[in-house]
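Novice: My request is simple: use the sequences and hints to build the entire structure.
Counted the way my numbering counts, the sequence shown spans residues 184 to 411.
Errors might be hidden in some of the hints.
[Said to hold, decoys possible] Result set (DSS-like, lysine-lysine): computed pairs, CA atoms no more than 27 Å apart in a straight line:
(1) K356 - K280
(2) K280 - K193
(3) K359 - K349
(4) K344 - K356
(5) K359 - K344
Everything labelled a hint here was simulated from the structure, so no lab data went into it.
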Amino acid sequence: MSVQQDITAKRLQQAVGILEARGGVVRMNQALRAGIDRHTFYKLRQTGVLVQLSRGLYRLAERPALKNPDLVTVALKVPQGVICLLSALAFWKLTDKVPSQVHVAISRQSRNPRLDRPPVRVFRFSGLAFSSGVEMRRVDGVQVRIFGPEKTLADCFKFRKLIDIKTTLEGIKRFKHRKELLDPRSPLNRDLDTQALIHYAQILPEHTRASCTVVSSRRSMLLRRPVA
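Specialist: Right, dumping it as structure tokens:
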């Protein structure tokens with residue numbers, strides 16, 4: 184092995200170490216800021232060490248397949264967004280429905296996210312409707328911002344034209360009986376805070392300015408919803 188080849192191999196090894204320390208999933212600009220030069224990054228991609236999840240988003244091929252790639256992708260591509268509504272309901276295991284789009288809330292001032300996949304439905308919130316009830320959960324090694332179960336249920340009531348009321352009521356029923364279904368050590372195993380649910384329901388009408396956008400690889404369609 185030549186000196187140049189040895190240097191290249193060491194750089195690749197160092198780069199893999201940096202990526203592993205970040206959970207094995209990274210955006211290209213994050214990798215560059217972490218000290219991986221562009222040539223090394225391209226080499227990792229060309230040799231199959233990195234596989235592409237979405238435009239500008241990669242993971243180490245040797246790592247186990249992501250259990251929830253859609254949430255991880257949206258969390259990394261829309262870092263200021265918050266997983267909400269049906270996607271949050273499914274995360275908290277309060278519904279068996281599998282959303283065809285990832286529901287994510289952003290502030291009114293934020294730009295629409297640009298993703299080629301997965302399909303995303305964006306909801307614009309303002310004030311306390313956006314800032315309240317946000318929790319951080321680690322999913323596949325990545326920190327994901329998501330509304331807590333009480334905030335999620337209150338939002339589902341608010342968007343009852345989008346989320347079937349039966350789905351929301353079933354979510355409340357499941358929450359009441361979740362201790363019988365979940366491992367006691369699970370972070371999802373907790374009592375429903377009815378006072379928090381009432382609080383979130385009260386702040387939504389005053390502070391929510393709601394519109395939603397469907398973002399896919401081929402089109403972006405804005406659907407405006409009046410405030411209830």
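Novice: What's the verdict on K344 and K356, does the C-alpha distance respect the 27 Å limit or exceed it?
Specialist: Roughly 20 Å separates the two Cα atoms, so the pair holds.
Novice: Does the structure keep K359 and K349 at a Cα separation of 27 Å or less?
Specialist: 15 Å, holds
Novice: Between the alpha carbons of K356 and K280, is the straight-line distance 27 Å or under?
Specialist: 15 Å, holds
Novice: If you draw a straight line from the CA of K280 to the CA of K193, is it 27 Å or shorter?
Specialist: Distance of about 47 Å is beyond 27 Å: violated.
Novice: Between K359 and K344, does the CA-CA distance stay at or below 27 Å?
Specialist: 24 Å, holds
Violation of the numbered hints given earlier is confined to hint 2; every other hint is satisfied by the structure.
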